[in-house]
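**Q** Line order of the protein sequences matches chains A and B. Residues 1 to 296 in the numbering used here are what the first sequence spells out, letter by letter. Residues 1 to 451 in the numbering used here are what the second sequence spells out, letter by letter.
Be careful, since some hints might not be right.
[Said to hold, decoys possible] Derived lysine to aspartate or glutamate pairs resembling DMTMM-like cross-links, with alpha carbons at most 25 angstroms apart:
#	chain 1	residue 1	chain 2	residue 2
1	B	K427	A	E214
2	B	K438	B	D368
3	A	K222	B	E363
Calculated from the structure, these hints are not laboratory results. Keep in mind it's a predicted model, so treat the numbers as computed, not measured.
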Amino acid sequence: MYILHYRKFFYIISGALVAGSFLAILMWGIPLGIDFKGGSLLEIEYVNTRPDIQIIKSRIASLDLGNVLIQETGERGILLRAKEITEEVHQEVLVTLSDKGKEPISEKRFTSIGPVIGKELQEKALISIVLVVILIIVYIAFTFRHVSKPINSWTYGLIAVLALVHDVTIPTGVFAFLGKFSTGEVDTLFVTALLTILGLSVNDSIVVFDRIRENLRLRIGKTFEETVGISLRQTITRSINTSLTIIIVLFAIYFFGPESTKHFSLVLIIGLIVGAYSSIFIASPLLVDIAKRLKK
Amino acid sequence: MTITGYRITAALIFIFGILLGCFVFLSERPSDSFLARFPFKLGLDLSGGTHLLYKADISTLPEEDRSDSFNALRDVIERRINIFGVSEPVVQTEVHSDEAGNPEGRLIIELPGVTEINEAIQLIGATPVLEFKVETEEFEKIRAKLEQNSGTSTPIENPETLYVSTGLTGEHLTSAQIQFNTVTGEPLVVLNFNDEGKKLFAKITEDNIGKTVAIFLDGSPITTPYVREAITTGQAQIEGQFTPEYARELVGSLNAGALPIPISLLSTQTIGASLGDEAVAKGLKAGIVGLLFVSLFMVVWYRLPGFLAVVSLTFYMVLVLSLFKLIPVTLTAAGIAGFILSIGIAVDANILIFERLKEELFETKKMDEAIDNGFSRAWFSIRDANLTSILSAVILFWFGTGVIKGFALTLTIGIIVSMLSAIVVTKIFIKALGLGEKTNRIVSLMGSGFR
Chain A
1 MYILHYRKFF YIISGALVAG SFLAILMWGI PLGIDFKGGS LLEIEYVNTR
51 PDIQIIKSRI ASLDLGNVLI QETGERGILL RAKEITEEVH QEVLVTLSDK
101 GKEPISEKRF TSIGPVIGKE LQEKALISIV LVVILIIVYI AFTFRHVSKP
151 INSWTYGLIA VLALVHDVTI PTGVFAFLGK FSTGEVDTLF VTALLTILGL
201 SVNDSIVVFD RIRENLRLRI GKTFEETVGI SLRQTITRSI NTSLTIIIVL
251 FAIYFFGPES TKHFSLVLII GLIVGAYSSI FIASPLLVDI AKRLKK
Chain B
1 MTITGYRITA ALIFIFGILL GCFVFLSERP SDSFLARFPF KLGLDLSGGT
51 HLLYKADIST LPEEDRSDSF NALRDVIERR INIFGVSEPV VQTEVHSDEA
101 GNPEGRLIIE LPGVTEINEA IQLIGATPVL EFKVETEEFE KIRAKLEQNS
151 GTSTPIENPE TLYVSTGLTG EHLTSAQIQF NTVTGEPLVV LNFNDEGKKL
201 FAKITEDNIG KTVAIFLDGS PITTPYVREA ITTGQAQIEG QFTPEYAREL
251 VGSLNAGALP IPISLLSTQT IGASLGDEAV AKGLKAGIVG LLFVSLFMVV
301 WYRLPGFLAV VSLTFYMVLV LSLFKLIPVT LTAAGIAGFI LSIGIAVDAN
351 ILIFERLKEE LFETKKMDEA IDNGFSRAWF SIRDANLTSI LSAVILFWFG
401 TGVIKGFALT LTIGIIVSML SAIVVTKIFI KALGLGEKTN RIVSLMGSGF
451 R
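Isolated chain B (complex conformation) (with noise of 0.2 angstroms):
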């Protein structure tokens, strides 16, 4: 490339790099515009919340159903949730296996915003609630009253409060399978009750025929089938047009009301938001600092070259800063540090070039050359040193919870991201400079240190 080349290239990164900063800054004010779906994810210990982990005994299931009851599980726990409002709950399960090597189940639930955390435990360890309701004579009226102005069909408020328990619930019922109507070929949802909940369900249906029962799931109603006539075979069909997958998650759901893994709390996480806001401002401030610092040590010790290093620093920062966003990657305390860690280790690169930059200056009469050596030489301690610690980040990664998880991998990021800048951006810069002929004043420019 000629030194235009090398002008433009370094013109180009220069607006690229005032681009992204522009994203970055923006896209953190608070407004509608298209950049604000843009945010720093924060990680519960940053945005304060409530980090639950729950045993789930499977020890009794057979390990092909053991798929199936995870996803009921956590159906039924995500409807709990609901409940409470809470903006991107997490909802995991996964199987460990423990010191004898026997599977074990796990459920991580993760609520941020959630500190009061006594009601959430209460309701998401109850086993889950299944229950047959039929109407109330208010839903009676009300229905009529909608039949009067039939067309203007108004969605019904509250159904809570229109349907009464009638005792039959998910302790009377056996199992629940999904089967598709040989006609149609639509989804049906059978359920099987025991002898007590036959006769029940026998009575409810013959008293109801020509009205709605309704199915509860933790006291919100999953389905409202219509009853035909009196069902006395214990067994009962759900038709409603469902689609295949909402079926299963029906029979999943069933199941896990008539047959939970049982859960029980493992561990309990609660961080209050003003600990998580002080931690964000604290972070920033050590990450101002430090990068200050380092420039300053930059410049200082290795004058033009620690300048344009500094340079590429900031563009690694404006890079890396953007990538957390578009990922988007879940900043932690840990994850911070892990970044302001990464400012350190990115110019590390930077004085490997450099160092050995000098070297060739020594060596050879031209500019070009020594340069080009400089860059070309030093990269294989530069390609070991990182990829030693790019091994550590991806064990680190797999030993870790979620706090250390992110740490991993801004500390990963921030390496790959940081040699790409070190080397390339840095490189082009120098070049741009066009130094021409190797002078002494030139020379001691590109000097460092005491000398």
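Okay, chain A solo, but in the shape it has when bound (with noise of 0.2 angstroms):
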């Protein structure tokens, strides 16, 4: 099978993957959103033409509101970033915006967050990675219990586990990019959306582990890599298809849907192709590999 034959080749390439997505979170640090970090934001549209952003800018500066970043979104649209602020600070802001109410806006959105709130989401966030994570390693342990020769059940769910790390991993890395040179945020979507990739992209490694399963109860295969190479080849078609249909949904998302879960469908899509990928190219791969190193 060419995908075990060239196994080292994409080893490779996830390994490099990950560096790179490790590095990019070391360097540029992990853009957290205001849910995460506590800060305000705010979204409001001007009724009539939008002022130079400039002007708007040296108006707010009038006001004692620390590091603001200002966006103009939309044709008239302006968002702004801030510390936590408070509902009198929030409407001094408004009245500001509208020049006293010369230039009429509409305000779209508004969120402040204090740093509490944001410490005890980091903390949960944490938590319900880690337990996903272990309770798909006790599931597949489990289901797989009666599967022993050549490695038994836990290794199976480590290796699906191994490839869940490096499915999180990698669009963690692209958002710490996205967050130095474009827009990105790591916020409450983000976690959610690498909690269903860690969901969906283990399904690819539980059909292929399924179907090595049942090819060695069914005696196929000489050697384990062999069985493992089969089984790839039987299921590689519905592996990839599987993916697909979701991933098209996801584009869908992106392309057509609400601004708001724009860049929770891209953190899933990265998720599942970079999922797919793990689950073909390396988790079943590294059976083989284990499985020959234990022999020794």
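Once you've looked at the hints, go ahead and assemble the two chains, each given alone in its own frame, into the complex.
**A** Right under this line is the structure:
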């Protein structure tokens, strides 16, 4: 099977992607959204025409808001990010932006989150991810419990999870890059996307493992490597197609869906593509290598 | 089951699906009909509105009083919100542990449709105001009039204008308790005043024997007992045919007025209605586009079974949308994304089955046997794959705030219902075709991909 034959090559690609992602995260940091670090976000739209962004900036500078980021959105809107602000300051900002009502505005959304909540959420996010990973290892180890030769069921679980770590590291790395050079934030929805990737992308690994289990029972293939190769060839179409249908709808959400779920669908698209790749090109070949190592 | 049996079942599923489709469609049309009672329930991010999160300082409260005080706090807040006339406001309290493991109270308020939050925040954040008021002269005239044409009891409008403040407020109250009349068994509310309150209350009751004294909480009268005699003990009993529940609530409110749980704002979120409408419209569009492309892929790649999978998928969609309406599930932008995502996931079980079916067709001569084996042998990987997705959705439900909970819920419902539709419904459809003998033509119809 060519995938197994060239597996070193695929390991290198994945290794490079994961290393690059870690490097990106270390260099630029994870761009935390305001729901994780606290802060405020205000989106408004000018009813008539939007004043020049420099004018808006100088008006806002008269308020003591610390570091403020102002972005233009759409034709007449602006998006403003700052530290956490109270309701009084929020009202002041609105008055300032509308130049005391001379340039009428409509408020589209406003969020202000204190740092306490952010910390709590960060913790909860980490716990959730770790919990899902552990549950998946345990679940796979349990359903594959009758498989023992040449490797035991815990190894299947661990390898599936290794592939998952790969699948969530790469989107995080991409967002570290996007956070630095474009717009991209790691917010609650991002974590939601990661947790969804964990649940979905393990499916492909399970389909291959399930077939390996069946073929081992039917004694198909002379060596373990051959069995894995046959299983991969038998299941590769369905592995790709099951991911493909999900990626199709995700692209629909990305291109046609609301603004608030754009980044969310992007994370999922990246995660599912690398997820399908890792299930086919990394997880199953790793089974063969581990079996070989154990033999020695 | 015989082929006729499968055909009848398939026809029933068809009819049921069409009925569900009619339900989903008709219940969205504005009318006074029964069906209009089942609209989609939209979350704050789609309907527009305000989400406020407060910290309730319960560090000074003894643990046994906590739930009473929380209930009282919620009542007070609900009463204040009602002034705004918000439809379906949400007021929730919960207790968290902070980093050091100490309990920390939270108060969550959702105000759909309210985007002018300044006034709301001020009103909610104010300390509850309990006031004792006496009748104005005008009130006496009105009452005299009412007594003249006795028998026709006209409800008194705007009671606020008929009472005047006395200077006796919640600050003078040390506590309120519930007691029961030993004779009638009816509940009484007992108020205890401090020294200054004792003097004020004695004077008020002395001056107003035979009249009513009104107790106002946050500007609206909660009770207007008659004064029978001057009370100098610093303790007042309010009798008034209360139900025990109401009396308990009243005591809670009075205690809150006297000893409110201090609250402070932790986060604010406001979403304008225009943003929500846009999100709904775009979500709908994304759903339709996603469905079309997935259907196209299934029919082109999996041919006849692919077509049947699309029919089951349509059935799946109307079923899930009906469930969203009936349960009801609060839809958020993320929740809609979860539903669209579930369209892509729903056909996965079918893909696994059809691939297996094709393999089985190579092995066996009998069509029926191949179909049965295809479905039963694909089941294990479908089960394992979907269970891991449900696992992560359950954790998501725990992790998430409202928006995420919506996503987790729609995804979970989607995965469970899709397993049903992909396995049971598609199988019935395939069986109902009655493909009979395994001929080349049928094998190619059941084939897939480029071969």
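**Q** Please verify whether K438(B) and D368(B) have alpha carbons no more than 25 angstroms apart.
**A** It holds: about 9 angstroms lies between the C-alpha atoms, which stays within 25 angstroms.
**Q** Sort out whether E363(B) lies within 25 angstroms of K222(A), counting only the CA atoms.
**A** Judged against 25 angstroms, a Cα distance of about 21 angstroms means the pair holds.
**Q** Run the distance test for K427(B) versus E214(A): straight-line Cα separation, threshold 25 angstroms.
**A** Satisfied, since the Cα-Cα distance of roughly 23 angstroms is no more than 25 angstroms.
The structure agrees with every numbered hint stated previously.
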